[in-house]
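Chemist: Here's the letter readout for the chains.
2 protein chains.
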Amino acid sequence: MPRALKLSSAQQAMLGGALIASSLDRHEQDALLSCAVAVRYEPQDVLFREHDKARYFYCVLNGYVRLYRGSQDREADISICEPGDSFGECLVLAGEGYNYSAQAMEHAILARFDIAQVKALLDQRPRIGGAIARSLSQHLLSTMECLARDRMQTSPQRVAHYLLAHCTNEGTRASLRLPFQKSLLARKLGLAPEALSRAFSTLRTSGVSVCGRAIAIEDINVLRQV
Amino acid sequence: MPRALKLSSAQQAMLGGALIASSLDRHEQDALLSCAVAVRYEPQDVLFREHDKARYFYCVLNGYVRLYRGSQDREADISICEPGDSFGECLVLAGEGYNYSAQAMEHAILARFDIAQVKALLDQRPRIGGAIARSLSQHLLSTMECLARDRMQTSPQRVAHYLLAHCTNEGTRASLRLPFQKSLLARKLGLAPEALSRAFSTLRTSGVSVCGRAIAIEDINVLRQV
DNA sequence: CGCGATTTTGATGTACATCAAATGGGGTGG
DNA sequence: CCACCCCATTTGATGTACATCAAAATCGCG
Chain A
1 MPRALKLSSA
11 QQAMLGGALI
21 ASSLDRHEQD
31 ALLSCAVAVR
41 YEPQDVLFRE
51 HDKARYFYCV
61 LNGYVRLYRG
71 SQDREADISI
81 CEPGDSFGEC
91 LVLAGEGYNY
101 SAQAMEHAIL
111 ARFDIAQVKA
121 LLDQRPRIGG
131 AIARSLSQHL
141 LSTMECLARD
151 RMQTSPQRVA
161 HYLLAHCTNE
171 GTRASLRLPF
181 QKSLLARKLG
191 LAPEALSRAF
201 STLRTSGVSV
211 CGRAIAIEDI
221 NVLRQV
Chain B
1 MPRALKLSSA
11 QQAMLGGALI
21 ASSLDRHEQD
31 ALLSCAVAVR
41 YEPQDVLFRE
51 HDKARYFYCV
61 LNGYVRLYRG
71 SQDREADISI
81 CEPGDSFGEC
91 LVLAGEGYNY
101 SAQAMEHAIL
111 ARFDIAQVKA
121 LLDQRPRIGG
131 AIARSLSQHL
141 LSTMECLARD
151 RMQTSPQRVA
161 HYLLAHCTNE
171 GTRASLRLPF
181 QKSLLARKLG
191 LAPEALSRAF
201 STLRTSGVSV
211 CGRAIAIEDI
221 NVLRQV
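If you read the sequences in order, they're chains A and B. For the first sequence, the UniProt record's numbering gives the first residue as 1, with consecutive numbering after it. For the second sequence, the UniProt record's numbering gives the first residue as 1, with consecutive numbering after it.
No lab work stands behind these hints: they were computed from the structure. Incorrect hints may have been included.
[Claimed, not checked] Calculated pairs, DSS-like style, for lysine-lysine (alpha carbon to alpha carbon, straight line, at most 30 Å):
1) A:119 - B:188
2) A:53 - A:6
3) A:188 - B:188
[To be verified] Computed footprint of chain A on chain B; a stretch qualifies when at least three of its residues, placed anywhere within it, have a C-beta under 8 Å from a C-beta of chain A:
4) 95-102
5) 114-127
6) 134-146
7) 150-158
8) 201-214
Being a predicted model, the structure only gives us computed values, none of them experimental. Glycine residues also receive a C-beta, built at the ideal position from the N, C-alpha and C atoms.
Generate the whole structure from the sequences, applying the supplied hints.
Modeler: Okay, here's the thing in structure tokens:
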């Protein structure tokens with residue numbers, strides 16, 4: 001268990017802009033943030049495991065966190081959380097234990113919210129329930145989209161979609177830098193690392209060139225065809 | 001567009017017990033239900049399509065509704081909604097258009113909620129936001145579970161899990177009756193109908209016997225091994 | 001009893017996992 | 001600054017799960 005620190009004012013500002021708090025007024029934000037502390041994890045640290053009693057939910061301030069199910073024998077990633085994303089907030093409303101495990105990738109700094117405190121806050125500040133609902137809506141939509149893509153698209157198509165969704169384009173040309181290792185991207189897309197590598201090489205014929213974490217796209221419209 | 005009817009008192013009672021309203025007090029329930037009417041669809045009717053402007057969300061009273069993405073060429077089911085399940089409620093909080101299409105299976109009766117009215121209600125009755133959050137939590141958890149299972153388990157394992165989750169057991173023996181066609185179950189599990197059929201025949205060696213929609217399980221514990 | 005729809009069965013193809021080995025790249029210590 | 005090592009990634013060979021296509025079989029129902 002890492003040590004808990006007070007949230008710095010920069011961290012508070014960042015949380016105020018995160019989806020989970022962005023629809024709240026000043027007072028409500030303060031009330032919600034009063035349930036939170038900052039915690040820091042080392043790469044590979046496990047925050048909690050499936051079925052653990054749930055005391056906290058989190059919002060990522062820095063780094064990345066993977067949510068996954070299964071034991072070391074056979075694991076499946078459910079989601080990769082980036083700065084601004086929250087996870088476990090559904091436990092404020094329902095459930096006793098976590099439904100998945102969480103592991104920090106790289107060094108990660110998180111805001112940790114005490115579930116019992118937030119629960120107690122719901123009566124005084126009922127609009128916080130709405131804020132949580134907004135965050136859950138977003139999660140639900142992206143999880144459904146992920147499920148539909150897994151079922152409908154091949155690996156090159158899923159990779160192409162990821163690239164198009166994350167690239168910054170200058171005209172018809174575009175580029176991006178992966179924010180994390182390829183093996184993590186592979187798991188996010190539900191692929192083995194080898195399959196991601198092969199998907200990239202398939203996409204070479206569609207004008208995608210990969211150089212380490214830097215990726216260049218010759219023509220966005222060609223990639224959209226895939 | 002089907003004609004809208006007032007909710008009968010039996011339907012109102014059913015909705016009061018559904019997840020989306022069950023945490024609300026009398027007045028809040030009445031307020032929420034005042035945004036709803038009953039609508040009836042014929043088998044195969046499409047309620048709405050992906051990207052349509054979202055005016056309503058729904059709660060199933062009778063029958064089944066499938067939520068899916070993609071065009072007729074290539075479709076993937078996201079969820080099969082049963083009586084008591086709601087869908088589209090995330091649009092009260094975020095988004096303009098539907099993110100998936102919805103189609104009635106068999107004859108279906110639904111409660112149809114006007115999104116704009118419910119949105120307006122959120123300020124007066126902020127705890128309704130919490131009620132929606134509870135419903136969304138449940139959806140999110142089940143969608144995540146579905147995603148994880150798709151990625152981790154083979155078809156016989158997913159079928160076995162469905163059976164164990166839905167059977168009524170008498171001692172070590174158990175049985176169930178499928179509430180809908182096998183082809184629908186197949187889509188719910190992300191399989192082609194043929195694959196479901198083959199999964200059942202694989203499970204015969206684990207003591208599962210299928211006779212039309214009636215299914216008998218010789219020994220629950222054997223099936224859990226799968 | 002017979003018809004259409006659903007399900008099963010068989011044969012084949014494809015996407016992706018898995019295992020094993022080669023390649024490459026970034027950081028450390030010399 | 002360079003050599004080396006470790007780990008991430010790529011590449012190749014093979015296996016498996018499931019989709020797809022094409023019948024045959026069965027079910028439900030008039």
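Chemist: Give a verdict on every hint.
Modeler: Taking the hints in turn, this is what the structure says about them:
no., hint, in the structure
1, A:119 - B:188, "violated, 34 Å"
2, A:53 - A:6, "holds, 24 Å"
3, A:188 - B:188, "holds, 22 Å"
4, 95-102, "holds (count 3)"
5, 114-127, "holds (count 3)"
6, 134-146, "holds (count 11)"
7, 150-158, "holds (count 3)"
8, 201-214, "violated (count 0)"
Hint check: violations occur at hints 1 and 8; the rest are consistent with the structure.
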